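Novice: Please construct the entire structure, taking both the sequences and the accompanying hints into account.
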Amino acid sequence: MAKSRTELGQIVTGVARDPLGLMGLIIVGTIVFCAIFAYWIVPFDPVGMNIKDRLQGPSWTHLLGTDQLGRDTFSRVIAGGQVALQVALPAVFGAMAIGLTLGMIAGYGPKWLDNLLMLFFDTIRSFPTVMFALAVVALVGPSLQTVVFVVMATSIPTYGRVARTQTLTLRNSEFILAERSMGASMTRILGVHMLPNIVGVLAVLAAMDIPTVIALEAGLSFLGLGVKPPTPSWGALLKDGYSLIRQTPWLVVGGGLPIILATLGFTFLGESLRDVVDPKLRKQR
Amino acid sequence: MTDTLLEIDRLSVDYETARGDLKALRDISFDVRKGEIVGIVGESGCGKSTLISSILRLTAPNTRFRQGEVRFKGQDLLQLPERQMRNLRGADISIVFQDPMQTHNPVLSIGQQMVDIQHRSKASKAEKRARAAKMLGAVGIPDPEARLAQFPHEFSGGMRQRIAIAMALMSEPDLLIADEPTTALDATLEVQIIERLQELQQEFNCAILFISHHLGVIAELCDRVVVMYAGAVVESGDVREIFHDPKHPYTRRLIDCDPGHIKERARVLPTIPGEVPDLANLPGGCIFRDRCDQAMPRCASHVPPLIQLKDGHHAACWLNHKEAAE
Chain A
0 MAKSRTELGQ
10 IVTGVARDPL
20 GLMGLIIVGT
30 IVFCAIFAYW
40 IVPFDPVGMN
50 IKDRLQGPSW
60 THLLGTDQLG
70 RDTFSRVIAG
80 GQVALQVALP
90 AVFGAMAIGL
100 TLGMIAGYGP
110 KWLDNLLMLF
120 FDTIRSFPTV
130 MFALAVVALV
140 GPSLQTVVFV
150 VMATSIPTYG
160 RVARTQTLTL
170 RNSEFILAER
180 SMGASMTRIL
190 GVHMLPNIVG
200 VLAVLAAMDI
210 PTVIALEAGL
220 SFLGLGVKPP
230 TPSWGALLKD
240 GYSLIRQTPW
250 LVVGGGLPII
260 LATLGFTFLG
270 ESLRDVVDPK
280 LRKQR
Chain B
0 MTDTLLEIDR
10 LSVDYETARG
20 DLKALRDISF
30 DVRKGEIVGI
40 VGESGCGKST
50 LISSILRLTA
60 PNTRFRQGEV
70 RFKGQDLLQL
80 PERQMRNLRG
90 ADISIVFQDP
100 MQTHNPVLSI
110 GQQMVDIQHR
120 SKASKAEKRA
130 RAAKMLGAVG
140 IPDPEARLAQ
150 FPHEFSGGMR
160 QRIAIAMALM
170 SEPDLLIADE
180 PTTALDATLE
190 VQIIERLQEL
200 QQEFNCAILF
210 ISHHLGVIAE
220 LCDRVVVMYA
230 GAVVESGDVR
240 EIFHDPKHPY
250 TRRLIDCDPG
260 HIKERARVLP
270 TIPGEVPDLA
280 NLPGGCIFRD
290 RCDQAMPRCA
300 SHVPPLIQLK
310 DGHHAACWLN
320 HKEAAE
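Protein sequences, first through last, are from chains A and B. Once you know that position 59 of the first sequence is 58 in numbering that gives the first Met the number 0, the rest is easy, because the numbers rise by one and skip nothing. Once you know that position 97 of the second sequence is 96 in numbering that gives the first Met the number 0, the rest is easy, because the numbers rise by one and skip nothing.
These are calculated hints, taken from the structure and not from any lab test. For clarity, every value in this text was computed on a predicted model and none was experimentally measured. Do not rely on the hints blindly, as some may be mistaken.
Said to hold, decoys possible - Derived CB-CB ranges, DEER-like:
1) A:T100 / B:L57: 22 to 28 Å
2) A:W59 / B:A145: 55 to 61 Å
3) A:R124 / B:T270: 52 to 58 Å
4) B:Q197 / A:M22: 55 to 61 Å
5) B:E198 / A:W111: 47 to 53 Å
6) B:H152 / A:M130: 45 to 51 Å
7) A:Q9 / B:P269: 52 to 58 Å
8) A:T100 / B:N280: 43 to 49 Å
What the hints assert, rightly or not - Computed footprint of chain B on chain A, listed as stretches where at least three residues anywhere in the stretch have a Cβ under 8 Å from a Cβ of chain B:
9) 169–176
10) 184–198
Note that CB positions come from ideal geometry on N, CA and C, so glycine has one too.
Specialist: Dropping the structure here:
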């Protein structure tokens, strides 16, 4: 697969050439690096309490201070990044894979199946995410898996609808007719010819969706519906900081800043990726 | 008639619409022999595209085959199961489309696409690539090996059409359908494509069904020609004979309107007055009657049959009937 590696190389160089893309790449790279090597980076145990040093401001020992239980905020931010990605990546890729499959079936299959799937998408979309999350949490209890499931279920329609629209447009395009008249089967048309046309669009959508999902996880954790304490999460940090804002502002900074950075980073990366991946746009550069 | 490759026999095709059935093709009959180039000519909306999609059976969902057969090597394609039909497409019957800017997948390289259409072959990927490069060379793309890695947008229109021809000929089909392959190209490229098609036709010895509304191209390339008007065949026969001695007023007017035929400077190009009749609501009698300058009372009441005038020359006009003309 030497060929695809060079293609990936081309995409990375393309993104790095764009200043915003480079910034996105650096931010996302840092977040991913910190998440992977969190165990070695954190100066303190993110869940280790030390009541004596509670609610401290930034110092050389505690870069972002400590919370009401004396836990090191910097360590919790790093570990929170790990949790954020653990939710965002499986949720987004799961939703993308399911949405893509269902969307392509809806777009290419018979009309009744299309109607059925659209009804399914619309039903899911009609639920407010938080209400849906409340219901699921009430049923199975708060956990990382619950958050992943809720986020995945609620974003399937977004991917499904985009995949369906793309499939519908492509289905009537002349090159698909040309493929059919050259004897391509349905699976070949969908897998070989339509998929590469759709997946680029969805990948960009996914990159831009990751910050939404991170914010959603933070939001659910903020409401106490996300990960269970003492697991560190940016949303949980923000929640603690919110109630303790009169004692120390540093918890809000520690919870809020990474959310803002992650959102910006993934959005920059996503937009830059869109310009680089799309061969139709590539021509005009 | 063992050398007959494709036989269209009394084919009638309707489109079901809200306004009623659109009679897109009525009683079409003609045949294509092995290794022969047959041209189909007619103005827009005369049923050329319906005819092609009927042969390949890639018709719109509201299409209804009312009667007739499409026999390919003696087999009625309209009765064939979809799986067998799919095995014919791109193998025994290939097609080149009108607009080369639209017929290639924009996100796959030409090499990937040319390897993909050889999906029936058991050859290795390297062999398929080599074959793809050879075919690109055959249609006159310079440096074919390197060009395989390029994407469709990196080629010009003329090159893309030649690539489309290379792809269509890849499986060495017995029948190549060319659906106005030069209409979207400029005149110099048109000549190149036509010459290339002629050469390749000699090399691969495939029959070509060439659809065009450009009479000059038909005259240049084809052995025989079928003239269609409003979903019916009005005249068919040897190209030279039809061009020198048309037996149907529509064919005659069509030739008169061809800019290549106009010798003097004209301020206004000649046209055939009137419009094609409404296919959902066909008038009785001859379909060309309203636009014909030689219409007779009989034309209003009786549909002229397609009769053989000479060996292989058919026309559907009452003028060719002595008793009717009186």
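Novice: Run every hint past the structure and note whether it holds.
Specialist: Against the structure, the hints come out as follows:
Range check, T100 of chain A to L57 of chain B: Cβ separation about 25 Å, and the 22 to 28 Å hint holds. For W59 of chain A and A145 of chain B, the hinted distance range of 55 to 61 Å is satisfied, since their beta carbons lie about 59 Å from each other. For R124 of chain A and T270 of chain B, the Cβ-Cβ distance of about 55 Å falls inside the hinted range of 52 to 58 Å, so the restraint holds. The hinted window of 55 to 61 Å between Q197 of chain B and M22 of chain A holds, with their beta carbons roughly 58 Å apart.
Roughly 50 Å separates the CB atoms of E198 of chain B and W111 of chain A, a value that falls within the hinted 47 to 53 Å. In this structure the supplied range 45 to 51 Å holds for H152 of chain B paired with M130 of chain A, their Cβ-Cβ distance being about 47 Å. At roughly 56 Å, the beta-carbon separation of Q9 of chain A and P269 of chain B lies within the given 52 to 58 Å, and the hint holds. Taking the beta carbon of each, T100 of chain A and N280 of chain B are about 46 Å apart, inside 43 to 49 Å as hinted.
For the region 169–176 of chain A, the stated coverage by chain B is satisfied: 4 residues place a CB nearer than 8 Å to a CB of that chain, which reaches the threshold of 3. Check result for the region 184–198 of chain A against chain B: holds, 6 residues qualifying (beta carbon to beta carbon below 8 Å, three or more required).
In terms of the numbered hints stated before, the structure departs from none.
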